[in-house]
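> As you go down the protein sequences, you meet chains X and G in turn. This note's numbering puts the first residue of the first sequence at 1, with every later residue one more than the last. This note's numbering puts the first residue of the second sequence at 1001, with every later residue one more than the last.
No lab work stands behind these hints: they were computed from the structure. Even for Gly, the Cβ is constructed at its ideal location relative to N, Cα and C. Each hint should be verified, as a subset may be incorrect.
[Said to hold, decoys possible] These stretches of chain X come out as covered by chain G in the derived footprint (C-beta under 8 Å, 3 or more residues): (1) 72-80; (2) 102-109.
[Said to hold, decoys possible] Pair by pair, the computed Cβ-Cβ distance ranges are: (3) G/I1054 / X/E15: 46 to 54 Å; (4) X/H82 / G/T1111: 29 to 37 Å; (5) X/E66 / G/P1008: 34 to 42 Å; (6) X/N61 / G/S1028: 24 to 32 Å; (7) G/S1028 / X/V29: 29 to 37 Å.
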Amino acid sequence: AQSVTQLDSQVPVFEEAPVELRCNYSSSVSVYLFWYVQYPNQGLQLLLKYLSGSTLVESINGFEAEFNKSQTSFHLRKPSVHISDTAEYFCAVSDEGAQKLVFGQGTRLTINP
Amino acid sequence: DAGITQSPRYKITETGRQVTLMCHQTWSHSYMFWYRQDLGHGLRLIYYSAAADITDKGEVPDGYVVSRSKTENFPLTLESATRSQTSVYFCASSDKHARYGYTFGSGTRLTVV
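Bound conformation, chain G alone:
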């Protein structure tokens, strides 16, 4: 099915472990984004990508790593998870102009214990 898919839907991990959240889109959108959503902070941009092999930092990039070897995939890795990274993570994609808006995935709820 066309759309944007995030996996896993829920994840519990321990402090210090590496965890990767996956994002896959079938729209062939050039732009992809990772946000985290926390109470009182709304949506905060972690990283974004304009095309394959082009990534850039957002508002809160520390502790996260991204890659984009293929247009359709944009994984987000927490290299050494901390409790402060407990959050709901959303992936989004967009055509090259913001006038079309963003398409969001269903989110990954990550708990770091």
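Next comes chain X alone, as it looks inside the complex:
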């Protein structure tokens, strides 16, 4: 069965510093990969997704994630974070053609001024 590991439960960074949130999944032939963001007291919102094609995907608010098949990873990065990026971030994966998403445990990103 598919599984997802988010290696860090909490990541504190200073404002305007770069950040990387790590995500690894168990191997599969073809997968769909997602990052969701959950702001305080809200539901999860889709941040970006990889389905096929270019291995680098970007969101509208400056995040990017790179699909690395050999390392079965889909790490999320941002070159310069803002206070407003404070949230919990969830990585999710689905086998191609399957319906259910499997979610990681989440990474809480805290931005310090």
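Given the structure of chain X, go ahead and fit chain G onto it with the hints provided.
Chain G in isolation, oriented as in the chain X frame:
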């Protein structure tokens, strides 16, 4: 408005009482899901439904009951609430393929006293 709506937003109930959490979606999505979110456990799938009158257990179904008589509604019932069911509950919906991701509601914060 189109989207997915959960009600109530907050609920306090007593141990042993029955409580129903409501979920309504206007996307005409075939799949609907119930998750609970607890510190240290991330998101855990309780039940899901592939279509009206088709439901199936997730990871943590004990103590919960679901029904889906109409495509747009997917209520979750706690038949006899326990303190361990204190949690934040999220409903989500999806088209028939996971490639489109899930759309989440804003959540119901349930406290069992």
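> All hints are to be evaluated individually against the structure, with a verdict given for each.
Hint-by-hint comparison with the structure:
1. For the stretch 72-80 of chain X, the stated coverage by chain G is violated: 0 residues have a C-beta nearer than 8 Å to a C-beta of that chain, whereas at least 3 were required.
2. By the rule of at least three residues with a Cβ nearer than 8 Å to a Cβ of chain G, the coverage given for the stretch 102-109 of chain X holds, with 4 such residues.
3. For the pair G/I1054 and X/E15, the supplied restraint of 46 to 54 Å holds, since their beta-carbon distance comes to about 48 Å.
4. The supplied range of 29 to 37 Å is met by X/H82 and G/T1111, whose beta-carbon atoms lie about 33 Å from each other.
5. One distance hint, 34 to 42 Å for the beta-carbon pair X/E66 and G/P1008, holds here, with the actual separation near 41 Å.
6. For the pair X/N61 and G/S1028, the supplied restraint of 24 to 32 Å holds, since their beta-carbon distance comes to about 29 Å.
7. Distance hint check: the CB atoms of G/S1028 and X/V29 are about 31 Å apart, consistent with the given range 29 to 37 Å.
Hint 1 from the list above is the single one not met by this structure.
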